[in-house]
Amino acid sequence: MKPPKENRIDRETLRTRALELGFCRVRFLDRLPEGLGDLPPVLGDDSRNTSIMIAALAYPAGERDPSPSAPTPAGAAAAGWVAPFARRHYYRDAVTLLKGLAAQLREELGLLKRDIRIFSNSRLPEKLLAAASGIGFAGRNSLIITPETGSLVVLAGMALPFAIPSDPPLEGALPPGKRCGSCRRCISACPTQALDGKGNLDMNRCMQSRSTDPGPLPEELMKVWGRRIYGCQICQEVCPFNHTGIPPETGDLPFESIDLEPLLRGGSAETAELLRGSAMGLSWIPGEALQRNALLAWAHLETGPEKERLRPLVKEFTSEPGEGLRRAAEWALSFAPASSHQ
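Per my numbering, the very first residue in the sequence shown carries number 1; after that it's consecutive.
Everything labelled a hint here was simulated from the structure, so no lab data went into it.
A couple of the hints might just be wrong.
[Unchecked claim] Distance windows between CB atoms, simulated:
#, residue 1, residue 2, range
1, Gly-172, Gly-110, 33 to 43 angstroms
2, Thr-96, Arg-123, 16 to 26 angstroms
3, Pro-175, Asp-213, 23 to 33 angstroms
4, Thr-318, Ala-103, 26 to 36 angstroms
5, Pro-321, Gly-110, 51 to 61 angstroms
[As the list claims (entries may be wrong)] Each computed SDA-like pair below joins lysine to any residue, with the alpha-carbon atoms no more than 20 angstroms apart:
#, residue 1, residue 2
6, Lys-127, Gly-197
7, Lys-127, Leu-111
8, Lys-99, Glu-148
9, Lys-127, Gly-100
10, Lys-127, Ala-79
11, Lys-198, Ser-188
12, Lys-198, Asp-213
13, Lys-198, Ala-102
14, Lys-99, Ile-164
15, Lys-178, Glu-220
If you're wondering where the values come from, they're calculated on a predicted model, not measured in any experiment.
Even glycine gets a Cβ: it sits at the ideal position worked out from N, Cα and C.
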C-alpha cells in the first residue's frame with residue numbers, strides 16, 4: 001500500500017472551509033474503526049492509510065408527519081406527503097459542496113482527481129464512521145444524532161490521501177442508545193414497531209425503507225401508511241434532540257407535497273421525470289414503488305369529491321401484472337369504499 005501523501009493543510013483550516021460551505025459539523029478519522037472488514041472500493045486500494053473527513057449537512061424539520069386519521073389540509077386537493085429530507089436532493093447538495101472543496105485541495109496540493117474520493121448515501125458504514133469520528137452518537141432510532149441539529153442531517157465524506165489527526169468520538173457515542181438514557185419516545189411512537197430499542201431497525205417494518213420497495217406490503221403497514229409518498233420521520237419528530245438548532249426552510253423546494261393524479265396517470269419514466277430534483281428522483285427508487293405509495297395515500301385521503309374523482313384511476317391498477325401495485329389498489333378500494341354522496 002502506498003504511504004499517505006505529504007499534507008500541507010492543517011485540520012482546523014480544512015474543517016473551517018467545510019463549515020463555511022454550509023455543513024453543520026465536520027470531523028476527521030486517521031484510521032478506520034476496527035471490525036469493518038473489507039470495505040467497498042470507494043476508499044481506494046490504500047484506504048488503510050487514508051484520512052477520512054465526515055461532514056453533516058442539516059435539513060429543515062418541516063411540518064409533522066401526518067397521521068392516517070388526520071384530515072386533508074384545506075386547499076391540498078388530493079395530495080401526498082413527502083418527508084422533509086427528500087424534498088430536495090440534500091445528498092446531491094452535500095456531494096456538490098464537497099466536490100468544490102476537493103477541487104480547491106487538488107489545485108493547492110497538486111493532487112490528482114483519483115486522490116480524493118467523495119461518498120454519500122453509499123455502501124460504506126457511514127453511521128459507524130460518523131460515530132467514530134465524533135459527528136454524533138448512535139441513537140435508539142438507529143440514526144446518528146449530532147449536537148447541533150439532532151438527527152436531521154445527511155452524511156457525506158471524503159477519503160483523503162494525506163494524514164489528518166482524528167477527532168475524538170463523543171462520550172457514549174456507542175453502543176446505540178447509550179446517550180439516550182431512559183428515553184424511549186421513538187420506540188413508542190413508531191406505528192409499525194420497527195425499532196427494537198437497541199439501535200436496530202427492522203427494514204421490513206420501517207415505512208421509510210418500504211417506501212422504495214415496489215413489492216406488496218402487509219395489511220398492517222397499509223393501514224397506518226397515511227398520505228405518505230416517500231419517507232417517514234415519526235421517530236425523529238418525537239426525539240428531544242431534534243427540537244433545537246434546526247435551520248429554516250430556505251429557497252424553493254421542489255416538493256412539499258405531490259398531487260396524486262400525475263403519479264397515478266404516469267408510467268415509470270414519467271414518474272421519474274416528475275420527481276427530478278428531489279431525493280425521490282434517485283435512479284434506484286422505482287417509479288412503481290412511488291405509484292404504489294400514491295395508491296395507499298389515496299386510500300387515506302379524507303372522503304370528498306377530489307378523492308372520488310381519482311377512484312377510476314385507482315381501479316385501473318387492479319389489473320396491473322405487478323403484485324405490489326395490484327394488491328395496493330385492491331386494498332385501497334376496500335379500505336375506502338365509494339361515497340354515497342357522490
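The hints, checked one at a time:
no., hint, result
1, Gly-172 to Gly-110: 33 to 43 angstroms, "holds (41 angstroms)"
2, Thr-96 to Arg-123: 16 to 26 angstroms, "holds (20 angstroms)"
3, Pro-175 to Asp-213: 23 to 33 angstroms, "holds (28 angstroms)"
4, Thr-318 to Ala-103: 26 to 36 angstroms, "violated (52 angstroms)"
5, Pro-321 to Gly-110: 51 to 61 angstroms, "holds (57 angstroms)"
6, Lys-127 to Gly-197, "holds (17 angstroms)"
7, Lys-127 to Leu-111, "violated (28 angstroms)"
8, Lys-99 to Glu-148, "violated (24 angstroms)"
9, Lys-127 to Gly-100, "violated (23 angstroms)"
10, Lys-127 to Ala-79, "violated (33 angstroms)"
11, Lys-198 to Ser-188, "holds (13 angstroms)"
12, Lys-198 to Asp-213, "violated (25 angstroms)"
13, Lys-198 to Ala-102, "violated (37 angstroms)"
14, Lys-99 to Ile-164, "holds (19 angstroms)"
15, Lys-178 to Glu-220, "violated (31 angstroms)"
The earlier numbered hints that this structure contradicts are 4, 7, 8, 9, 10, 12, 13 and 15.
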